[in-house]
Amino acid sequence: MSSWIDVGALDAIQPRGARVLKTAFGCVAVFRTGEDEVYALENSCPHKGGPLSEGIVHGSKVTCPLHNWVFDMATGQAQGADDGRVATYPVRVEAGRILMDAAFLQNRSAA
Amino acid sequence: MVKKLVVIGAGMASGRALETLFKETSEDWDVTLFNAEPRGNYDRIMLSPVLAGDKTYQDIVIHDDAWYAEHGVTCRFGEKVAEINRETKQVMAENGDVLDYDKLLIGTGSNPFMIPLPGHDLEGVIAYRDLEDTERMMSMQPGQKVVVIGGGLLGLEAAAGMAARGVEVTVVHIMGHLMERQLDEAAGYLLRKALVDKGITVMCSANSKEILGENGKVKALLLDDGTELPCDLLCMAVGIRPNVALAKEAGLAVGRGIHVDDQMVTSDPDILAVGECVEHDGQVFGLVAPLYDQAKIVAKTLQGEEAAFVQKSLSTKLKVTGCDLFSAGDFADGEGREDIVFRDPARGVYKRLVIEENKVVGAVFYGDTSDSSWFFGLIKDGTDIAEMRETLIFGPNFQGGEPLDPTAAVAALPPDAEICGCNGVCKSEIVEAIEAGAGDLGAVRATTKASASCGTCTGLVEQLLAFTLGDAFDGSKEAAICGCSDLTHMDVRRLIKSQELKSQQAVWQELGWKTKDGCHVCRPAVNYYLLADWPVEYEDDPQSRFINERKHANIQKDGTYSVVPRMWGGMTTPDELRAIADAADKYSVPTVHVTGGQRIDLLGVKGEDLPAIWADLNKAGMVSGHAYAKGLRTVKTCVGKDHCRFGTQDSTGLGIQLEKKLWGSWTPHKVKLAVSGCPRNCAEATCKDIGVVCVDSGYQIGVAGAAGMDVKETERLADVATEEEAMEMIQAFMQLYRENAKYLDRPYKWVAKVGLDWVKEQVVDDLETRKALVERFALSQSVYQKDPWAQHVEEKAESYQPIANLTLEAAE
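Protein chains in written order, with our numbering: chain A, 1 to 111; chain B, 1 to 812.
Pulled out of the complex, with its shape left as it was, chain A reads as follows (with noise of 0.2 Å):
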């Protein structure tokens, strides 16, 4: 069963921009996209430890601002020819507030 928080609303963020959700278990990235899509990464960049929610967004796409690895927001895969992965959460807007699910949350080794 999952419980649905809310954690702020959308405008919030600035389009193709990202804030910091502090949870327990650490820093989680919640992007806007330009089309307004959202999505929440895990905020370390698995190269160096960059903070992801300090990159530039582009399409479904962040950069982190330390070394350039560019995460597919979608699956928090990195492009290109780097090679790692950081977590996605499940996320959703309802009503102009984000929603994230606590159970996933509070599970950060599951996810």
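Where hints are given, some of them may not hold.
[Stated by the list, open to error] In silico DSSO-like pairs for lysine-lysine, Cα to Cα no more than 30 Å straight-line: (1) LYS796/B to LYS48/A; (2) LYS557/B to LYS61/A; (3) LYS296/B to LYS89/B; (4) LYS312/B to LYS248/B; (5) LYS502/B to LYS753/B; (6) LYS516/B to LYS61/A; (7) LYS514/B to LYS61/A; (8) LYS771/B to LYS742/B; (9) LYS23/B to LYS4/B; (10) LYS61/A to LYS606/B; (11) LYS22/A to LYS796/B; (12) LYS48/A to LYS586/B; (13) LYS103/B to LYS23/B; (14) LYS641/B to LYS670/B; (15) LYS557/B to LYS48/A; (16) LYS670/B to LYS48/A; (17) LYS502/B to LYS660/B; (18) LYS606/B to LYS22/A; (19) LYS749/B to LYS786/B; (20) LYS619/B to LYS660/B; (21) LYS606/B to LYS48/A; (22) LYS502/B to LYS61/A; (23) LYS22/A to LYS557/B; (24) LYS670/B to LYS61/A; (25) LYS670/B to LYS749/B; (26) LYS61/A to LYS796/B; (27) LYS3/B to LYS103/B; (28) LYS55/B to LYS198/B; (29) LYS742/B to LYS61/A; (30) LYS771/B to LYS670/B; (31) LYS742/B to LYS497/B; (32) LYS516/B to LYS48/A; (33) LYS22/A to LYS586/B; (34) LYS4/B to LYS103/B.
Since the hints were made in silico from the structure, they are not lab data.
Fit chain B to the supplied structure of chain A, relying on the hints for placement.
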């Protein structure tokens, strides 16, 4: 007409000859292939990995049944030829079959040489030549004992292979050091040490006297000093001899091997020979490369085409049990010969070059053979090394002077040479990517990341492209902006102006972008071009900026930020310093650093604290130093004539005026200035993007200096008499750079492209153009000269905080 070809011996040389022949035609010849071994052609060189268990026999088969069937070869494997009758042009098989031939090819290979020691015919005494020998050695169990006689390549491979299986191996070698024909004493010693480390017992200068047996089976090897080495198997690997018996009986000319001419024809015009059994021009052969060369000649000769076998000088590059070895040329000591030796015992590296009359005549490497092909080239070509003697031993990467052809230098690099230090990309990865289709710089960057970070290796990558692609590489073509578009940066700049594109959407649509909203490469560039060309119409888009410019602070490797308040012209006050100290205390700034641009850097500030620390610094009258920006950074000054006894003008005052005028402007790349009060140049103005040196008669304005990845002195733009003129000319230069340069080109790169003369025409000679440039700069500054810190504190502070903090809720 179909001719009959009989081939005796299905080894690697005759196999390659058939392969080459069939490539041209397979219908002209009816081929019968005899082989004493009960199998076809396999890669004998790979028996060692089979022995070590890394490969199986199946892995090393070169020609399988299907291949022979496909080419219509009649295989008589496991059968020897008993006799050749040259009169009747027939061969007789062991079973009495008689076959006619039009042409006969002898590829009987070589026989292992068995030392005729007493007991050499005991059961359990083997050579190391074929699959049967290999299988015999593979049957040894851990704990069993094997003696290998012979410390050459073959013997050591056998020893290492068995040792890897847990067998107790002793190598007995008659000479003073291992592999004495390929290695000198020092390298032989290192090799011995490596083998001993693998648990192999090595006995050099050891003479075998007798093989002892029991019940007809080998029991031990007795040395002439009385030492007895017990063993369950004894492998003799002391050398090979060309197998000439059949040829000799047939009355062909035979020396050490079967005599052949340049066409690989024996003394009988219808009989050819190939491989280890032949002797050409006094030489016999053991390495595979010349044998394959011979095989090609055989095929040509059979087809009636002209071809001649030419012996090439040889080098040996070997891997014995994981140790890299290389030797080439002649490395014996001698009159007039000198050595250059490099030793690094800790890394297990030994290199020795033998020099005679300023030429390398021999080389022995142990442990690191990466540059061996370059050294081999020096030997082969007889290159005069006098000029590079001092650094010769370090290899091609350390040779001074300008190489004549830059691609030659990059061609000489070993495959594992690191090209891109930022991303750890080596030459072979880049070459593979190019061969897989990455045909330009952008594609190489996308697939390997080489030169995608700091870019200093861009030249090397381009040379690799030129070297790998040859004429197919067009180096003059400017690369596309990124994968999102085929247009170059300059195309995009031009089109934004000419088509009056004033938004990102307009650029994506009108210029046919392949992605929806660009990528991290093109979007910051396009954002810059738009705001530089349309300062009023276009609104800067922070989401298209790299994080540093979006958050007005420099991100550090741990995700914290650095904060640098502006200090105009490098001047500060006790109040400012106090405010900085207070802020450092209040926000627990771990590191306070004085920068090269005459200001103070607070490092390690948490992203969430940025608005608060900025607010405090704003309160003390300070603004952002833009230490993170592709924009105006600092104006460094000396104290000038106010204090300095040499000062000619008020350099500090001019520096402050310049900084007040230029700050806040965005530029294609960062811009640093300096003003020195006299030619002693304490502010180091002659390596800045723009640098002023004050002299008694006025101001020398230099531009296009660099002191980063490249170091370059400024070029003189003009000498002016007044501060006003200097101010105006510098603003005009800034605006010209802003309007025309490619994103991420520093001024020195841009000036190199457009030429200083053109720049002078615009900002020095043509007063109207200068004035217009200054006006456009002023217009842009009216929009952008605002302290972003104050603005963010007021409007955006919230966005620096997490959207939510679930850890707190959990605690509640």
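Hint check results:
no. : hint                 : result
1   : LYS796/B to LYS48/A  : holds, 28 Å
2   : LYS557/B to LYS61/A  : holds, 22 Å
3   : LYS296/B to LYS89/B  : holds, 24 Å
4   : LYS312/B to LYS248/B : holds, 27 Å
5   : LYS502/B to LYS753/B : holds, 26 Å
6   : LYS516/B to LYS61/A  : holds, 11 Å
7   : LYS514/B to LYS61/A  : holds, 15 Å
8   : LYS771/B to LYS742/B : holds, 23 Å
9   : LYS23/B to LYS4/B    : holds, 17 Å
10  : LYS61/A to LYS606/B  : holds, 26 Å
11  : LYS22/A to LYS796/B  : holds, 19 Å
12  : LYS48/A to LYS586/B  : holds, 29 Å
13  : LYS103/B to LYS23/B  : holds, 18 Å
14  : LYS641/B to LYS670/B : holds, 29 Å
15  : LYS557/B to LYS48/A  : holds, 8 Å
16  : LYS670/B to LYS48/A  : holds, 26 Å
17  : LYS502/B to LYS660/B : holds, 29 Å
18  : LYS606/B to LYS22/A  : holds, 14 Å
19  : LYS749/B to LYS786/B : holds, 28 Å
20  : LYS619/B to LYS660/B : holds, 19 Å
21  : LYS606/B to LYS48/A  : holds, 18 Å
22  : LYS502/B to LYS61/A  : holds, 25 Å
23  : LYS22/A to LYS557/B  : holds, 20 Å
24  : LYS670/B to LYS61/A  : holds, 27 Å
25  : LYS670/B to LYS749/B : holds, 12 Å
26  : LYS61/A to LYS796/B  : holds, 24 Å
27  : LYS3/B to LYS103/B   : holds, 8 Å
28  : LYS55/B to LYS198/B  : holds, 20 Å
29  : LYS742/B to LYS61/A  : holds, 25 Å
30  : LYS771/B to LYS670/B : holds, 24 Å
31  : LYS742/B to LYS497/B : holds, 14 Å
32  : LYS516/B to LYS48/A  : holds, 28 Å
33  : LYS22/A to LYS586/B  : holds, 23 Å
34  : LYS4/B to LYS103/B   : holds, 7 Å
Checked against the numbered hints above, the structure breaks none of them.
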